[in-house]
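Taking the hints into account, I'd like the entire structure generated from these sequences.
All the letters of the sequence shown, read from the start, carry residue numbers 699 to 1065 under the numbering used here.
Mixed in with the good hints there might be a few duds.
[Stated by the list, open to error] With a straight-line cut-off of 30 angstroms between C-alpha atoms, the simulated DSS-like cross-links for lysine-lysine are:
(1) 957 x 976
(2) 976 x 948
(3) 1047 x 966
(4) 976 x 966
(5) 969 x 957
(6) 966 x 1039
(7) 1048 x 1018
(8) 966 x 1026
(9) 1059 x 1026
(10) 1026 x 1039
(11) 966 x 1059
(12) 972 x 957
(13) 1048 x 957
[Stated by the list, open to error] Label pairs and their in silico Cβ distance ranges:
(14) 1024 x 953: 40 to 50 angstroms
(15) 974 x 1049: 14 to 24 angstroms
(16) 1047 x 1018: 14 to 24 angstroms
Worth flagging that the hints you see were computed from the coordinates, not collected in a lab.
Note that beta-carbon positions come from the ideal geometry of N, C-alpha and C, so glycine has one too.
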Amino acid sequence: MIDSYLNIFSHFQVFGLLNISLLFILIFAYSDTKLRLWYGAFVLSIALEIFNTKGLFYLYNYSPNFTLVYLPWIAFAPIAFYKHTIISLNLNASSYRKTFRLATSIFVIMLAYFVIKSYYVLLGDLSIRERFFSTQYNYPKIEYWINNSIIIAFDCFGLLTAFHVFKVKSLKFSKDGYVLFFMLLSITIVHVASFLADSIHGADSILSAPNHFYLTILTIGGMIIAYRKIMGLNQKLEKEKIHTTNRIDKEQLIILEQKLITSMEDDKLFKNQKLQLKDLSRAMNTSENSISEVFAKQLNTNYYDFINGYRVQEVIRLMKLERFNDYKLIAIAEEAGFNSKTTFNTVFKKTTGYTPSQYRKELALSV
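What follows is the structure, given as structure tokens:
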């Protein structure tokens, strides 16, 4: 009975995951940075789960279904994740790129190993099979450790990259972002628990049924989120059409630019740690699209760089005041509008070429 239910779950997962992969491409064409990252990490995690729960099974049982149905999807997910997160978000952290490339290389090597293994076993070359490979599920312990280590490493990589981007970009979690994050975190926990249970107690069979059911739940969750985003595309496209037909002229852009600078220098809106583009547009009594057009056409920058630039200058101004000599750097940063130590350090060094502590020492020496 359990096997029958697992078969039903498996067939549902095939169609569901293939469906998600198509929606994944569509979402990338329109999605914002936040959901793009979480969805990429989620799809990558699911691809590895397919390889772990189904890929080995089909390879060891010499079924062509794996090559025709699962293998293309598994190959697609890591490439798409890398392209649409690390590359499109312009991450400068080389350690993340190197980690991903190393993990992907090992993943590809192991995948090739299993394919070659099934090929020689299928041909019945017993000498090669007995010398280099094991049969069915009795594969060497080293294969087991490497396979599970790759899966857990990919999970952790997705989580770490997500946190890195959110800190550097000062992004906030969206509702979908929370859902995808907890999905990714949960499946990481399941992977680790399954790995430890099998390693210590040989209890992998205990977790196999819950794993299948859990993967089905994840499939449903991913499809719901994907369809929610697709349903919102029409509304977004309509807004884009309105925006393109209502572009403001050069003279209006100059007026808005002066108004924007005044709101920063006189009203010091940048000191509001929770300031968002919608708050700025409300204060200037104009639309968010108009302000974005000023950033793009007049200032050649974006909202975050513009606001953080004023915050850095405010930090420097406060550092020069005697009454702030005893303040900690993070306290000065918060006074200037920063709400994250990581963002503050990153933006400050990018702007001045110095870390905040180095800059403060230089100021002290120049007095």
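Here is what the structure says about each hint:
1. 957 x 976: holds (16 angstroms)
2. 976 x 948: With Cα atoms ~22 angstroms apart, residue 976 and residue 948 stay inside 30 angstroms; holds.
3. 1047 x 966: Measuring from Cα to Cα gives roughly 22 angstroms; hence the hint holds.
4. 976 x 966: holds (16 angstroms)
5. 969 x 957: holds (17 angstroms)
6. 966 x 1039: OK: residue 966 and residue 1039 at ~20 angstroms, within 30 angstroms.
7. 1048 x 1018: holds (20 angstroms)
8. 966 x 1026: holds (22 angstroms)
9. 1059 x 1026: holds (13 angstroms)
10. 1026 x 1039: Measuring from Cα to Cα gives roughly 12 angstroms; hence the hint holds.
11. 966 x 1059: Judged against 30 angstroms, a Cα distance of about 27 angstroms means the pair holds.
12. 972 x 957: holds (20 angstroms)
13. 1048 x 957: holds (26 angstroms)
14. 1024 x 953: 40 to 50 angstroms: Because 43 angstroms falls inside the window, the suggested range holds.
15. 974 x 1049: 14 to 24 angstroms: holds (21 angstroms)
16. 1047 x 1018: 14 to 24 angstroms: holds (19 angstroms)
Going down the numbered hints, you'll see the structure goes against none, and every one checks out.
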